[in-house]
Amino acid sequence: MKGETIVFYLLAALTLVSAAMAVGTRRIFRSAVYLLSSLIGIAGLYFWMRFEFAAAVQIVVYAGGIAVLIIFSVFLTQRAGDDMPTPPMLRTIAAAGAALLGMGLVMLQLVAHPFPTPAVAEVDRSVSAIGRRMLATGDDGFALPFEVVSLLLLAAMIGCIVIAMRAKPNQP
Amino acid sequence: MRIKKARSSGRDIRVASMNPDKQPAKFPGLVHETPGGGILSGPLEDVVNWARSNSLWPLTFATSCCGIEMMSTAAAKYDFSRFGFEVARATPRQADVIIIAGTIVNKMAPVLKRLYDQMADPKYVIAMGACAISGGPFFYNTYSVVKGADHVIPVDVYVAGCPPRPEALLHALITLQEKIKSGGKRERIDIDGKNI
Amino acid sequence: MQHMWNFAQLTDLIHGWLYETFPPAWALAFEMIIVGIAVIGLFAGLGLVLVLMERKVSAFMQIRLGPNRVGPKGLMQSLADTLKLLVKEGMTPDGVDRFLFNLAPFIAMIAAMLLMAPIAFAKDFQIWDLNIGVLYVTAISSLNVIAILMAGWSSNNKYSLLGAMRSGAQIVSYELSAGLSILTVVVLTGSLQISDIVTAQSNGWWIFKGHIPVLIAFVIYMIAVTAETNRAPFDMAEAESELTGGFHTEYSGMKFALFFLAEYINVFIVCAIGATLFLGGWMPLHIGEWTAFNGIMDWIPSSVWFFGKTFFLIFLMMWFRWTFPRLRIDQLLNLEWRYLLPIGMVNILLVTVIAILKWHF
Amino acid sequence: MMEPGLYHMLFIGAALFFIGIYGFLTRRNLITMLMSLELILNSVCLNFIAFNRYVWTDRATGPSMSAVPRI
Numbered sequence: 161m162k163g164e165t166i167v168f169y170l171l172a173a174l175t176l177v178s179a180a181m182a183v184g185t186r187r188i189f190r191s192a193v194y195l196l197s198s199l200i201g202i203a204g205l206y207f208w209m210r211f212e213f214a215a216a217v218q219i220v221v222y223a224g225g226i227a228v229l230i231i232f233s234v235f236l237t238q239r240a241g242d243d244m245p246t247p248p249m250l251r252t253i254a255a256a257g258a259a260l261l262g263m264g265l266v267m268l269q270l271v272a273h274p275f276p277t278p279a280v281a282e283v284d285r286s287v288s289a290i291g292r293r294m295l296a297t298g299d300d301g302f303a304l305p306f307e308v309v310s311l312l313l314l315a316a317m318i319g320c321i322v323i324a325m326r327a328k329p330n331q332p
Numbered sequence: 080m081r082i083k084k085a086r087s088s089g090r091d092i093r094v095a096s097m098n099p100d101k102q103p104a105k106f107p108g109l110v111h112e113t114p115g116g117g118i119l120s121g122p123l124e125d126v127v128n129w130a131r132s133n134s135l136w137p138l139t140f141a142t143s144c145c146g147i148e149m150m151s152t153a154a155a156k157y158d159f160s161r162f163g164f165e166v167a168r169a170t171p172r173q174a175d176v177i178i179i180a181g182t183i184v185n186k187m188a189p190v191l192k193r194l195y196d197q198m199a200d201p202k203y204v205i206a207m208g209a210c211a212i213s214g215g216p217f218f219y220n221t222y223s224v225v226k227g228a229d230h231v232i233p234v235d236v237y238v239a240g241c242p243p244r245p246e247a248l249l250h251a252l253i254t255l256q257e258k259i260k261s262g263g264k265r266e267r268i269d270i271d272g273k274n275i
Numbered sequence: 021m022q023h024m025w026n027f028a029q030l031t032d033l034i035h036g037w038l039y040e041t042f043p044p045a046w047a048l049a050f051e052m053i054i055v056g057i058a059v060i061g062l063f064a065g066l067g068l069v070l071v072l073m074e075r076k077v078s079a080f081m082q083i084r085l086g087p088n089r090v091g092p093k094g095l096m097q098s099l100a101d102t103l104k105l106l107v108k109e110g111m112t113p114d115g116v117d118r119f120l121f122n123l124a125p126f127i128a129m130i131a132a133m134l135l136m137a138p139i140a141f142a143k144d145f146q147i148w149d150l151n152i153g154v155l156y157v158t159a160i161s162s163l164n165v166i167a168i169l170m171a172g173w174s175s176n177n178k179y180s181l182l183g184a185m186r187s188g189a190q191i192v193s194y195e196l197s198a199g200l201s202i203l204t205v206v207v208l209t210g211s212l213q214i215s216d217i218v219t220a221q222s223n224g225w226w227i228f229k230g231h232i233p234v235l236i237a238f239v240i241y242m243i244a245v246t247a248e249t250n251r252a253p254f255d256m257a258e259a260e261s262e263l264t265g266g267f268h269t270e271y272s273g274m275k276f277a278l279f280f281l282a283e284y285i286n287v288f289i290v291c292a293i294g295a296t297l298f299l300g301g302w303m304p305l306h307i308g309e310w311t312a313f314n315g316i317m318d319w320i321p322s323s324v325w326f327f328g329k330t331f332f333l334i335f336l337m338m339w340f341r342w343t344f345p346r347l348r349i350d351q352l353l354n355l356e357w358r359y360l361l362p363i364g365m366v367n368i369l370l371v372t373v374i375a376i377l378k379w380h381f
Numbered sequence: 007m008m009e010p011g012l013y014h015m016l017f018i019g020a021a022l023f024f025i026g027i028y029g030f031l032t033r034r035n036l037i038t039m040l041m042s043l044e045l046i047l048n049s050v051c052l053n054f055i056a057f058n059r060y061v062w063t064d065r066a067t068g069p070s071m072s073a074v075p076r077i
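Chains as they are written, first to last, in our numbering: chain A, 161 to 332; chain B, 80 to 275; chain C, 21 to 381; chain D, 7 to 77.
Honestly, the hints are just simulated from the structure, not real lab data. No experiment lies behind these values; they were computed from the predicted model shown. Virtual Cβ for every residue (Gly too), placed ideally from N, Cα, C. Some hints could be false.
To be verified - Below, computed lysine-lysine pairings styled on DSS-like, alpha-carbon distance capped at 30 angstroms: (1) Lys226/B - Lys186/B; (2) Lys178/C - Lys192/B; (3) Lys260/B - Lys192/B; (4) Lys186/B - Lys156/B; (5) Lys378/C - Lys229/C; (6) Lys178/C - Lys186/B; (7) Lys93/C - Lys156/B; (8) Lys192/B - Lys258/B; (9) Lys258/B - Lys93/C; (10) Lys93/C - Lys260/B; (11) Lys226/B - Lys192/B; (12) Lys260/B - Lys156/B; (13) Lys258/B - Lys156/B.
Stated by the list, open to error - Taking CB as the label site, the calculated pair distances span: (14) Ala303/A - Asn176/C: 48 to 54 angstroms; (15) Val69/C - Val322/A: 48 to 54 angstroms; (16) Ala173/A - Ile60/C: 21 to 27 angstroms; (17) Ala58/C - Ala173/A: 26 to 32 angstroms; (18) Met274/C - Gly225/A: 49 to 55 angstroms; (19) Val324/C - Ala327/A: 47 to 53 angstroms; (20) Ala188/B - Gly328/C: 32 to 38 angstroms.
Use the sequences and the hints to build the structure in full.
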């Protein structure tokens, strides 16, 4: 067995096990930490597939941004030390059944569908190629979604500033 | 003649120390035998004691005027950082030595005890100044002062003075260093063979 | 270029020997082990040197002598400290979340270790020259905040929690400024790869070539990384006079030492990145086409250049620490959001204009 | 064990997706539901990248596409 294969299975195990623990644990802070380790496992998978840029963005966005955001909202809104109540048995069974059923259906489809595996030249995954694609307006460009997302971000930033602005003291 | 007698008496003591039942009556205390002889652990112990003695991080704990002298010891003129003491930690978990710089009143005593308990082993205590040694000027006619910090926690080194000069504190710290280097440990109290 | 000591020959020699002697998988494993041991050794060495340097620099700033009794000139002082912390009791207090409490120092340490990978210590001497080097550093250094939040929360102590939350707010906000000032150099170079950035400076360092905007970016970078590594005057996370010890209040012995070591390693890494981006990394001081001058500079080995620049920046950060008083948390956030970030944004626009019009040298 | 390829990645993506679904259905807490949602989004991103790596390798569409839901 090649070393790469072992690394792949380790990363997959990290991702899936910590994801399962994230939805299973009853302590909310630990849940956030497990979620983070699952996301880092995914970043490891990206590294494994040699998409370094995607991996680095994954770590920046999730470890630096979303995990901190979630942890802060846990600190500020929840009683992080207490255990969360266990969901009722019926709901657990129903949710697990639904998830397993969906998983089975998807797996059936996956096995049935033959994906083409063309031997095309290696993709140019450099940052500049991704950047050009983000701003290209042609057939496979992403200029429109990029601009829409930029607009969304702008709206979010303005909203933040409005919320954070100090109310003016009433002038007597 | 005298030399021979001394030698023989010395041998007597050694024999006696090997057999606790036959100790000379005058010897105050018990001699415990250590199995092995400590050849292997000796040098390692020395190195560890060297490290411990040279990196005594004090807890920032000052209850009255001795604290000013402690600060002076830390400042440029006396500079106890020369001996490796300057990393004053504010949290007892990371401190090695607590310098009781000042009066311990009855309300402070439980806090002092708690801080001492929170420190990680090995931990050392220096009682600085008259108040910490015996209550000092408050020894008579005061209802609120603990008459010496050693009523609360065990003390390794006492420094006299009211308050002691920075040189005295430096000397106390060096004395503590020598105590650690010589392997002198404060005995832990045994109750029914259980270390507490 | 002529160099007296070329690390490439050494690494090639070891690499070739390993692959000749063993099958490829084993050779790779052995290389990994060698690199791991080298990194851990570098860690220990750097930790010892930086702690001693901090104490000596602080003494120098305060007209004291500093440690001078332990070993010759006090050189063994940090060794004694390390040994003492190793044999000191490592407590796990009651009421903590044991798993996270014991995990947090290791996360901090692992994050610091991962950061070593893309740094070029000398010419052709780099663990992993990946094509997004700078972004990788930014990404991994944001893992540090998770370790701090974990330590702060799991300690079950209000000082720890407050310190961790302050530290989280601080690191997340100052990351933006650091990222923007890193981007200025990336815009000028046109690449995220560390080796590209270093070779782009073979005719002069960016801090000289990039006019005033890069100088501004350098200043912002130094301020931002000082805040990001939680060092004074931005040490809100462990403000001793307010929070006793901040996020590591409850840690003792070796677990505390790991945090302590990780902080110093982070200082080294951000300074190494700063030296690579703005001061040319291992690239000697070259001035344009002055061949004679450049030739003389090439005689100084590249590792000496790299460590010289890095330690100069570390000295700068220590200078900050022992000169400025600590900021209040609102002043800290004001400084970032109202001054550094807008200046950084305008600055990167300026740099983009310079890069497009090719005004830089 | 087989050599990992497209199907392995898709299996991981699907498993993450349904773990996320399970969490989303069992939790009754806004933050934990958000966390489950993050898992679902990540499985989608993983699929994009995997398809780009193994099927349509001629374009850098995957990273660009996966960057959009992340923002």
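Hints and how they fare:
1. Lys226/B - Lys186/B: Measuring from Cα to Cα gives roughly 13 angstroms; hence the hint holds.
2. Lys178/C - Lys192/B: holds (21 angstroms)
3. Lys260/B - Lys192/B: holds (26 angstroms)
4. Lys186/B - Lys156/B: violated (34 angstroms)
5. Lys378/C - Lys229/C: At roughly 11 angstroms apart (the allowed maximum being 30 angstroms), lysine 229/C and lysine 378/C satisfy the hint.
6. Lys178/C - Lys186/B: Holds - the C-alpha atoms of lysine 186/B and lysine 178/C are around 23 angstroms apart, at most 30 angstroms.
7. Lys93/C - Lys156/B: It holds: about 18 angstroms lies between the C-alpha atoms, which stays within 30 angstroms.
8. Lys192/B - Lys258/B: It holds: about 23 angstroms lies between the C-alpha atoms, which stays within 30 angstroms.
9. Lys258/B - Lys93/C: Holds. Lysine 258/B to lysine 93/C sits at ~23 angstroms (cutoff 30 angstroms).
10. Lys93/C - Lys260/B: Within the cut-off at roughly 20 angstroms; holds.
11. Lys226/B - Lys192/B: Answer holds: lysine 226/B to lysine 192/B is near 15 angstroms, not above 30 angstroms.
12. Lys260/B - Lys156/B: holds (26 angstroms)
13. Lys258/B - Lys156/B: holds (26 angstroms)
14. Ala303/A - Asn176/C: 48 to 54 angstroms: holds (51 angstroms)
15. Val69/C - Val322/A: 48 to 54 angstroms: holds (49 angstroms)
16. Ala173/A - Ile60/C: 21 to 27 angstroms: holds (26 angstroms)
17. Ala58/C - Ala173/A: 26 to 32 angstroms: holds (28 angstroms)
18. Met274/C - Gly225/A: 49 to 55 angstroms: violated (32 angstroms)
19. Val324/C - Ala327/A: 47 to 53 angstroms: violated (58 angstroms)
20. Ala188/B - Gly328/C: 32 to 38 angstroms: The hinted range 32 to 38 angstroms is violated for alanine 188/B and glycine 328/C, with Cβ atoms some 54 angstroms apart.
Of the numbered hints stated above, those contradicted by the structure are hints 4, 18, 19 and 20, listed in ascending order.
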